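Student: Listed here are the chains, written in short residue letters.
4 protein chains.
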Amino acid sequence: MYIGVIGAGRCDAKLFDIAYEVGRLIAQRGAILVCGGLGGVMEAACKGAKSAGGLTLGILPSEDRKHANPYVNVVVPTGLGEARNALVVRTADVLIAVGGEFGTLSEIALALKVGKPVVGIGTWELAKGGRPVEAILIAKDPHEAVERALRVSLKS
Amino acid sequence: MYIGVIGAGRCDAKLFDIAYEVGRLIAQRGAILVCGGLGGVMEAACKGAKSAGGLTLGILPSEDRKHANPYVNVVVPTGLGEARNALVVRTADVLIAVGGEFGTLSEIALALKVGKPVVGIGTWELAKGGRPVEAILIAKDPHEAVERALRVSLKS
Amino acid sequence: MYIGVIGAGRCDAKLFDIAYEVGRLIAQRGAILVCGGLGGVMEAACKGAKSAGGLTLGILPSEDRKHANPYVNVVVPTGLGEARNALVVRTADVLIAVGGEFGTLSEIALALKVGKPVVGIGTWELAKGGRPVEAILIAKDPHEAVERALRVSLKS
Amino acid sequence: MYIGVIGAGRCDAKLFDIAYEVGRLIAQRGAILVCGGLGGVMEAACKGAKSAGGLTLGILPSEDRKHANPYVNVVVPTGLGEARNALVVRTADVLIAVGGEFGTLSEIALALKVGKPVVGIGTWELAKGGRPVEAILIAKDPHEAVERALRVSLKS
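Line by line, the protein sequences give chains A, B, C and D.
Numbering of the first sequence is given in my numbering, commencing with residue 1 and proceeding in unit increments.
Numbering of the second sequence is given in my numbering, commencing with residue 1001 and proceeding in unit increments.
Numbering of the third sequence is given in my numbering, commencing with residue 2001 and proceeding in unit increments.
Numbering of the fourth sequence is given in my numbering, commencing with residue 3001 and proceeding in unit increments.
These are calculated hints, taken from the structure and not from any lab test.
Computed from a predicted model, the values in this text were never measured in an experiment.
Be a bit skeptical, because a hint or two may be false.
Said to hold, decoys possible - Listed next, the in silico DSS-like pairs over lysine-lysine satisfying Cα-Cα at most 30 Å (straight line): (1) K1155/B with K66/A; (2) K2050/C with K1047/B; (3) K1113/B with K66/A; (4) K116/A with K1113/B; (5) K3047/D with K50/A; (6) K66/A with K3113/D; (7) K128/A with K1014/B; (8) K1128/B with K128/A; (9) K2066/C with K1050/B; (10) K2047/C with K2066/C; (11) K2066/C with K66/A; (12) K66/A with K3140/D; (13) K47/A with K1047/B; (14) K1155/B with K2066/C.
Please work from the sequences and hints to get the whole structure.
Tutor: Printed below as a string of structure tokens:
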């Protein structure tokens, strides 16, 4: 089982704590954590996963392994720029979005396009024609997010 | 000047007409039309552009040139799957979203991530924390969409 | 019909003249010329194609359209680095290698891997275990190269 | 340290044994083994690495994790087709080619293009204009290959 954690490369302390806890719980449940390998939410989640002895995979936009945060075990420096977002999505069975800017939105959209479930904490809200599109599964905290992610990905 | 037209691979007659007119106006203004090369909105826009003697570029997800709609002049069969969305965005100076499903949303997000303007007709509405994120420039019709696209991309 | 011209981004006057003539003949025969969009052999071939009113497509490694040589009509700034070599190969029906360094060798190999014919003028010679691997069709001049390329791609 | 092992997806028993031993020695020396994740030489090397408790990373052409051989720990199902060869090269500090067909040749070429060392056992021989191009470091057996790979990548 691979769980993707997606979110911005910079974040405040509150999102950092949430992402850390998400990462910790992913590792505790025995899943591999995959992310974009950079700072912010990605670093927090990797740090949390490492604190619980987990395995973390970082798929970088650049060609330079040094751009990975220090809590990534296995680094793939793609050199593809933001096109690497598709690879984060392809590698994951399910994604958890923690906050997130436009890069995260692109990953959410790519996942939904191919039918992979996305769980969100404090992330984007989507609508068309004034009507909400409820494609992202909302979780109120890290525990609910990881449990939902495990549950929906086992089903799919 | 390269204008991207993004939208779903299948669409109803109303969106088809809008996309056709967007394509026609792009060609009339002398810009190259770039898109994902498939059917629906992409085909309509290419057909419109060809009707005005324009040049159309289709960047396909598959490796097979035959998957392009018949109004594409130059086909790049990338074989990258949805990762090719990043290439549509990189090739365009500005994007016009006509309707759109999740694939389109990923292109909108990738464009906004790198600061490329996106004009939308009947497309996604974004929000975070209950507050709208007004990053997409709204146009009410094809004429306004193309004029806005030309104006903002000349500025940037 | 799309004919790829591959070769180094810098070249001497002799290779420039050969590539120019290859490009000119491709355009004269009505094929679209696809290349990596940069200087050297790529620029020479595009210049030749333009001299005969042809259409040229440049698939760049960088995200910056300005890196294309001035004889490219349609530019796809992929941002994929050398991974774009696979796209040059996928877009072409057949490839003509003029001279070439390691980047060209990677394109030759990718083409042969998927069974696309490669015609070579003064390019790499391959061997394994001391025995030549004659997978590249040798041409002695631009005219023979373009004629062979047209002939073999029609067959395949 | 990441050492790439490249070679064909099918191979005879002799190459299998060589690749197995290369993988085993890589793991024994504490490096991560990266490869294309499929069968043949890739599977042999992963199996060898696992026998010594190593960590293996497989970067697949397809989007389907199930295509990985059973000895891959961390799978990145890129969906990029042969364009993923560039990612194997970018992830590795140094590459060891064991035998190899055209796909392997493309990886050798991409590595040499960016100045990454390539060690070869029974692999391609390159020439231009009738003169050998000795860019691949030749090793006579797995032990020499891994030792050379470690030595040259530490220097670079």
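Student: Hint by hint, say whether it matches the structure.
Tutor: Evaluation of the provided hints:
no. : hint                 : in the structure
1   : K1155/B with K66/A   : violated (36 Å)
2   : K2050/C with K1047/B : holds (26 Å)
3   : K1113/B with K66/A   : holds (23 Å)
4   : K116/A with K1113/B  : holds (22 Å)
5   : K3047/D with K50/A   : holds (26 Å)
6   : K66/A with K3113/D   : holds (21 Å)
7   : K128/A with K1014/B  : holds (16 Å)
8   : K1128/B with K128/A  : holds (14 Å)
9   : K2066/C with K1050/B : holds (26 Å)
10  : K2047/C with K2066/C : holds (16 Å)
11  : K2066/C with K66/A   : holds (29 Å)
12  : K66/A with K3140/D   : violated (33 Å)
13  : K47/A with K1047/B   : violated (51 Å)
14  : K1155/B with K2066/C : holds (17 Å)
Violated hints for the displayed structure, listed by number in ascending order: 1, 12, 13.
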